[in-house]
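Order-wise, the sequence lines are chains X and D. To convert, count from 1 in the first sequence and add 181; that's my numbering. To convert, count from 1 in the second sequence and add 193; that's my numbering.
These are calculated hints, taken from the structure and not from any lab test. Using N, Cα and C, we set each Cβ at its ideal position, and we do this for glycine too. Careful, some of the hints might be misleading.
Some but not every residue of chain D turned toward chain X, in silico, with C-beta under 7 Å [unchecked claim]:
hint, residue
1, S246
2, P348
3, S349
4, E350
5, G354
6, A380
7, D382
8, Q388
9, L392
10, R416
11, A449
12, T455
13, E468
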Amino acid sequence: MTAPLLSVADLSVELPRWGRWFPAVNGVSFTLKRGETVALAGESGCGKSLLARALIGLPPESARVSGAVAWEGRRLLGLPEKEWERLRGARIGTLFQEPGAALDPVRTVGDQIGEAIRLHARMSAAEARRRAVDRLREVSLPDPESAVDEYPHRLSGGQKQRVGLAIALAADPALLIADEPTTALDATVAAEVLELLARLRRSRGLTLLLISHDLGLVARESDRVLVLYAGRIVEEGPTAEIFRSARHPYTRGLLACRPRLDIDGGSRGRFPAIPGTVPDLFERVEEGCAFAPRCPERFTPCDRSRPPLFTDGGVGVRCFLYEGSGSGSDRDRRAS
Amino acid sequence: MNGEPALFEANGLVKVYPVRRGLFGAAAGHIRAVDGVSLAIARGETLGLVGESGSGKSTTGRLLLRLEEPTKGEMRFDGEDWTALSGRRLRKKRRDIQMVFQDPQSSLHPLLRVGDQIAEPLRVQRMAGGRALAERVAALLTEVGLSPFAADRYPSEFSGGQRQRVAIARALATRPKLLVCDEPVSALDVSVAAQILNLLADLRERTGMAGLFISHDLAVVSRVADRVAVFYCGRIVEEGRAADVAASPLHPYTVALLAAATEGSRARGLVLSGEPPSRVAPPSGCAFHPRCPIARPRCRVETPPLDAKPGGRAAACFYAGELSPRSGSSPPV
């Protein structure tokens, strides 16, 4: 029995406005087991990036965070900043959407990887440089011996993302949080970076929390998926099962409205679109299911109370259609 | 195309930009952003341009709109020499070719009412005024799925998808014969993007207008276009009916694009190595050869022309069709 690498229980991140608190992330619970890749999927404004920032102890200043986050069974929320710093980088690496956002433009690539390595392990500058070259080789940057002395602006987007990955992995973290790691890249370059991530996952036994709006990428790269809508997990389960047969009307709608080459092979026609738009944080419905206003299957209970997480064939789904199909989680069942 | 003249035709378009060193420095080289592109769009047809950033697809779109002048090449639009038109005649003809851009946030004026912005092209073109103008604006808003009352509101009061509807209404105002859309859904969420693509399909059916649809996303292009042209490094490397190109790509680059867009199983298709080349100093021969899994010595020296293939298709590759989407698999690492 080993404790999960990361466990999150009832995590909420609230933002203030008009003298009130609005939950951008609302009672999210999940665990990450060692070596697995979990995808956090959702459209813009669903709270996925805010959730990631809360996980690494860097929520926006104005935010109020509650709930419990534990690393290998040790409680993280409320940890002093000093200890957070040790954990970030050493145990949790992060990779963001914008290639080079994490890179300092006036220092060489080798300097920056070396610094990340020496932050968490004592060694000479020469040794750090040697390891930086190794890291660059690991992320398949062409010509690592000379790339180590380059400045970031000399690199292409894909190369910067590789260097970002080298920095994120510098101190051999157990968990990598990648927030839209390929969204800013061209399709064929993104495919190269994803293949690299998959290889590193295998070779290092890395645990990956992959945040993405791109369901195609999620289907291909993850073991489990958490679908977020308006700050809540609306569906969670094994990726293969959810893509085979999604339960929540939102997940089904999202899957149906994507143009896919492998299914319709370029056939023309209408997409089954989801009507309406993702609700703004400050305009969400207070009662009932947040998806109800857009839902084609809306029925009486949806407007009355918030659906708890029901289970259906190993999949958790926050929708009244599945009431009685398995066992609803009691913790969640408050309204009626 | 059945002998009927195309609505739009471009021949040998070239656009060269100087590259300067420093802010006011002398030209240090040049980029051939568009390097010999020819295309035709029939009446009522939608042509898709697909390619990655810097491939020249958007510059081609801007040349077609005459937002920029080509360095070389000819264009004919609706029976006229489009490159030669100028002054009043050009302004008048512009009503027949309209555009929708990626970011409605920046293409709409934040301080003007939506109704006034939709009316603008009609006023400029002196196509309507007074009561008729207001009625036309209301009809356009209804046509794109918005309430006629939206005319009195400002862009900031709308969501991204609704703003894109406003931009489409404005583009439709003059009843254009050709609508150019440059990444019209790239800034939108998937669920909203689907609505906009459906709207464009409906409009096309209702109005019979032709379209040029530019996108980095092959899956999206295949869904809305009759034919697609795949861009790489300023050139068209493959062209054909959208369904054919998606089902059996001929150019190795299209095979890789397709593999990147296909999910199915977790098995990866063809994954390239390396990145799109520098546009200032492009590779010799075929620009794709440094990344191409089937490149041979000839590809380093000669530039393959866009040759016609059976079934109304074309590909710029000496070994077109050799790499199939199924056979492509990345080497073990």
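Going through the hints against the structure:
Interface restraint check: S246 (chain D) against chain X, minimum CB-CB distance 6 Å, threshold 7 Å, status holds. Checking P348 (chain D) against chain X by beta carbon gives a least distance of about 15 Å; that is not within 7 Å, so the hint is violated. Among the interface hints, the one on S349 (chain D) is violated; its C-beta lies about 12 Å from the nearest C-beta in chain X, farther than the 7 Å criterion. Nearest Cβ of chain X to the Cβ of E350 (chain D): about 12 Å, over the 7 Å cut. The hint is violated.
At about 6 Å, the closest approach between the beta carbon of G354 (chain D) and any beta carbon in chain X falls short of 7 Å, and the interface hint on this residue holds. Interface hint at A380 (chain D): violated, since its Cβ lies 10 Å from the closest Cβ of chain X, which is beyond the 7 Å cut-off. For D382 (chain D), the interface hint holds, since its Cβ comes within 7 Å of a Cβ in chain X; the closest pair sits about 4 Å apart. Given hint, Q388 (chain D) at the interface with chain X, holds; its Cβ is 4 Å from that chain's nearest Cβ, closer than 7 Å.
Using the Cβ-Cβ criterion of 7 Å, the hint placing L392 (chain D) at the interface with chain X is not satisfied: the shortest such distance is roughly 9 Å. The restraint placing R416 (chain D) at the interface with chain X holds, with a minimum CB-CB distance near 4 Å, inside the 7 Å limit. Nearest Cβ of chain X to the Cβ of A449 (chain D): about 5 Å, under the 7 Å cut. The hint holds. Taken as an interface hint, T455 (chain D) checks out: its beta carbon lies about 5 Å from the nearest beta carbon of chain X, inside 7 Å.
Hint status for E468 (chain D): holds, given a least beta-carbon distance of 5 Å to chain X, under 7 Å.
In terms of the numbered hints stated before, the structure departs from hints 2, 3, 4, 6, 9, listed from lowest to highest.
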